[in-house]
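Residue numbers (this note's numbering), protein chains in the order written: chain X, 31 to 272; chain B, 5 to 295.
The set of hints was computed from the structure by calculation and includes no laboratory data. Incorrect hints may appear among the rest.
Straight line, CA to CA, 25 angstroms or less: simulated DSS-like cross-link-like pairs of lysine-lysine [claimed, not checked]:
#, chain 1, residue 1, chain 2, residue 2
1, X, Lys-137, X, Lys-185
2, X, Lys-215, X, Lys-249
3, B, Lys-179, X, Lys-137
4, X, Lys-185, B, Lys-179
5, B, Lys-179, B, Lys-165
6, B, Lys-179, X, Lys-84
7, B, Lys-165, X, Lys-137
8, X, Lys-185, X, Lys-215
Residues from chain B that face chain X, not an exhaustive set, calculated with beta carbons under 8 angstroms [claimed, not checked]:
#, residue
9, Leu-167
10, Gln-173
11, Gln-177
12, Ser-183
13, Leu-185
14, Gly-186
Positions of the beta carbon are idealized from the N, C-alpha and C atoms, including for glycine.
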Amino acid sequence: MPLLEIRNLVVRYGEIEALRGVTIAVEQGQVVTLLGANGAGKSTTLRAISGLAKPASGDILFDGHSIAGLGPEAIVRLGISHVPEGRRVFPGLSVKENIMLGASNRKVGASQISREADAMFDLFPDIRAFSNALGWTLSGGQLQMVAVARGLMAKPRLLLLDEPSLGLAPVIVQAVFRIISQIRKDTTVLLVEQNARMGLSVADHGFVLETGRIVLGGKPDELWGNEAIAAAYLGGHAKTHA
Amino acid sequence: MDLVLQLLFTGIGIGAVYALVALGFVLIFRATNVVNFAQGEFSMVAAYLMVVFSVDLGWPYWLSFLIALAGMALFGVIFNLGVYYPLRHRTYLPVIIATIGASILLSNSVLAIYGPQPQVLQGWFDTPGIQLGPVYLDSQYLLIIGVTILLVLFNFWFFEKTLLGKKLQATSQDKEMASLLGISVSTMIMITFIYSAVLGGLAGILVAPVLFVSIQMGSTIALKAFAATIIGGFGDVAGAIVGGLALGVIETFGAAYISVPYKDGFAFLVLIAFLVFRPQGIFGERVAEKA
Numbered sequence: 031m032p033l034l035e036i037r038n039l040v041v042r043y044g045e046i047e048a049l050r051g052v053t054i055a056v057e058q059g060q061v062v063t064l065l066g067a068n069g070a071g072k073s074t075t076l077r078a079i080s081g082l083a084k085p086a087s088g089d090i091l092f093d094g095h096s097i098a099g100l101g102p103e104a105i106v107r108l109g110i111s112h113v114p115e116g117r118r119v120f121p122g123l124s125v126k127e128n129i130m131l132g133a134s135n136r137k138v139g140a141s142q143i144s145r146e147a148d149a150m151f152d153l154f155p156d157i158r159a160f161s162n163a164l165g166w167t168l169s170g171g172q173l174q175m176v177a178v179a180r181g182l183m184a185k186p187r188l189l190l191l192d193e194p195s196l197g198l199a200p201v202i203v204q205a206v207f208r209i210i211s212q213i214r215k216d217t218t219v220l221l222v223e224q225n226a227r228m229g230l231s232v233a234d235h236g237f238v239l240e241t242g243r244i245v246l247g248g249k250p251d252e253l254w255g256n257e258a259i260a261a262a263y264l265g266g267h268a269k270t271h272a
Numbered sequence: 005m006d007l008v009l010q011l012l013f014t015g016i017g018i019g020a021v022y023a024l025v026a027l028g029f030v031l032i033f034r035a036t037n038v039v040n041f042a043q044g045e046f047s048m049v050a051a052y053l054m055v056v057f058s059v060d061l062g063w064p065y066w067l068s069f070l071i072a073l074a075g076m077a078l079f080g081v082i083f084n085l086g087v088y089y090p091l092r093h094r095t096y097l098p099v100i101i102a103t104i105g106a107s108i109l110l111s112n113s114v115l116a117i118y119g120p121q122p123q124v125l126q127g128w129f130d131t132p133g134i135q136l137g138p139v140y141l142d143s144q145y146l147l148i149i150g151v152t153i154l155l156v157l158f159n160f161w162f163f164e165k166t167l168l169g170k171k172l173q174a175t176s177q178d179k180e181m182a183s184l185l186g187i188s189v190s191t192m193i194m195i196t197f198i199y200s201a202v203l204g205g206l207a208g209i210l211v212a213p214v215l216f217v218s219i220q221m222g223s224t225i226a227l228k229a230f231a232a233t234i235i236g237g238f239g240d241v242a243g244a245i246v247g248g249l250a251l252g253v254i255e256t257f258g259a260a261y262i263s264v265p266y267k268d269g270f271a272f273l274v275l276i277a278f279l280v281f282r283p284q285g286i287f288g289e290r291v292a293e294k295a
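Looking at chain B on its own, in the form it has when it is part of the complex (with noise of 0.2 angstroms):
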């Protein structure tokens, strides 16, 4: 019972980064019909703006924190501006490529300047953990489930109290209609990819000192939390969130009572079963796509 408890801390805790990935896939499928393959990239960039900052030159945990994560609110509207704008008018092919494309760069770009060997970032807090009962719950994990609680109850808050929130709502369910209304589709689909930049670098900043800082580690999460969005239900807010947090648990505990090897093997098996049995996912299709 100790190690079960055990177990769905830390495959919460995982999960939770896998959530917020996905959260980040789901939020610009939404608003622009298209698969982002550089979701993962923008976790990676995110760790090692911390690593420039924080190890690098020194600055305080903190202080590196708020500015990677301001640097990754440009980044996002770089990445908006240069990848998708000037291909919005084509169809969303061209888009995929681009940001396949985009990964790509990104990636090489990072492994120019800092060679394939894999960087180490300190976690937030100096103690490593407490222990609760029979649980050990590592400081770095409770910090990871705390900001992804946050985010989740912020997230809703924003687009479904918020006016803003339903513009950008509207806008991911008809841009034409949207436009009509005199909502600014291409101002709300930038703060889309503000917004999933910084929530996917949050994500990265919040795992790297858990795995490895390295060029691979964005597209290992984005893999899973790609997964994470079909088990959830593809486009569904809810079932990214959900499919993030039962994946991580699933891997966990595969990797604990079955074989370690096979740890995120469990993770694809899964997404294999629900693509054969359950392709619509947890949560399904519940809004139809136009009335």
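The shape of chain X in the complex, shown without the other chains (with noise of 0.2 angstroms):
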């Protein structure tokens, strides 16, 4: 049994049909990613499973249980974690208090939460520094940095990642995908990502959205393999759009 199961997925903001009958399942233990232009879907799937947007049809199975219609705060304490699109650190909060509040989820006392917190600047040692700036004083790299560790403070089961790389120098996209795959030996990830090459450089397998469908899944190798799907999803063979 997949540890998410995503069927005939359709979501609608308003008149607008954004997912119009999505499936993909996502097997324990392993990183898939989600790949596709601005508007395919990609976000809106992501939203779904953490509970943001309300499926109007379609079923969505985690560890083989309805989740679809469940609210936010429900389902990442069910153990899914959804680091978004755009980071959204806290700007008022320093990084450490940002990273506890990743451990809301659980029922933990603060000092654990802390010692924990103070544990997670070992996989980020880049932000240790800064553990007591203010959210809106870093760089988008560290943003980064912060949003995965407080994603990770939730202990998920499954880590859904929006867009990691976005507006990120090539050196820290490296970094940023660096962690995604020290991650993976403990969290099951579903990624989103623009940049096909990294995206599926780190994955067992990956789906490429076209205007809210699934129009191709398979190993990276297979997805490289198309020739036609690989030109207009992916970028190009060779190129690099980091």
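Combine the two chains into a complex, taking the hints into account.
Shown next as structure tokens:
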């Protein structure tokens, strides 16, 4: 049984149908990457999983149980952590406070959370020195590190990462993806990326979304092998978009 | 010089009341992005609760005080569920109109019960005050200043040192992200309304012996407190406190040296000056809305 299974998911924003029957499965322990152009429905898929967008029809099964229609607070308590587009680090709180709040889905004491947040800096040594800096003072790369660290504090069984490379310099993108390949040892990851080369480099499986539908799915090699798809959605073979 | 010290003391005393109400304004504004136009009525209702328990029922002052504050906490719950919660997914406009409606409803309900004549509430202490050198310290103003200092310290500790305070801050900065982390946004907003109602109520109970207890007392205090939040920098906690104290001092000096009848005018003159020359207030916008 897959850890996450989405069946025929339809999501509407008013009159607009953002997802028109999306079906994907994520197996335990995998990194699965969702690719596609702007507006294809990648972020909407993640928002539906984490409860921010309400499904119009279809179902979302986590560990075999339907979570469609539950609110975000309930879903994160089940073990799905969403690191949304734009990082959304709280600007008026410090790095450490941001990270500590990531544990809000679990019933643990403040001192325990503080210790866990300190331990999180071992995985993200680049932001350790900024522990007391306020969110709004950080650079894009630092914000991304804080956002991922905060997402991991939920001790998720499934981590949803939305465009972690967006707006970052290539060297920072590589640092972020090194972290993703470390995370995957413990956590299943569903990754949304426009940067197809980076996105597929860490993936076990990939899906391509086009205007609210899955048009292709397969192992990274198979996706690269499909000439037409590679040219249209993955930005060509050897070219980097980072 | 003696007069200056005396006026400073009185000004800080009345300014402390504005500061408490302004703090209530700011906390609700930050949590809901809406200005609560019934904030002044929180103070008015609490003062009348004191009249009910302490004067009408003749209960001991401290007991009436505690029950009135507990009543205000309950009032905060009811206000949240009745005025804000049903409209929370709408834009700010329906919510603002609802708070104005609540303000009118509260004033007129109290009017229907107590009539238009003001009520008198005794102060906490039997002694009217103490002479300290050249300055006469009114006991009620001393109490107001003391309680305000304690509350400002408590407020700092609560929001800066506790995890719950951080969750409240996170909710006011980005509700959707807070909910993604498992923070119960509706609980956080409930706590904010309870806290603001108790703050406003405390201000009303403390100032009631200085003023009269009347239906208009809420709107007068709220207008000054609103001016204080703009002078301090809208949405800024420190700004609300500094703005409230500054306004109290300015209007007291204005009344003493320039004109007593224009006492309220000075507060709004300062407000207009700020709106023209420094609309972001003393503390400005220090934190960007979105990173």
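* Asked: When the hints from earlier in the document are held up against this structure, which numbers fail?
  -> none
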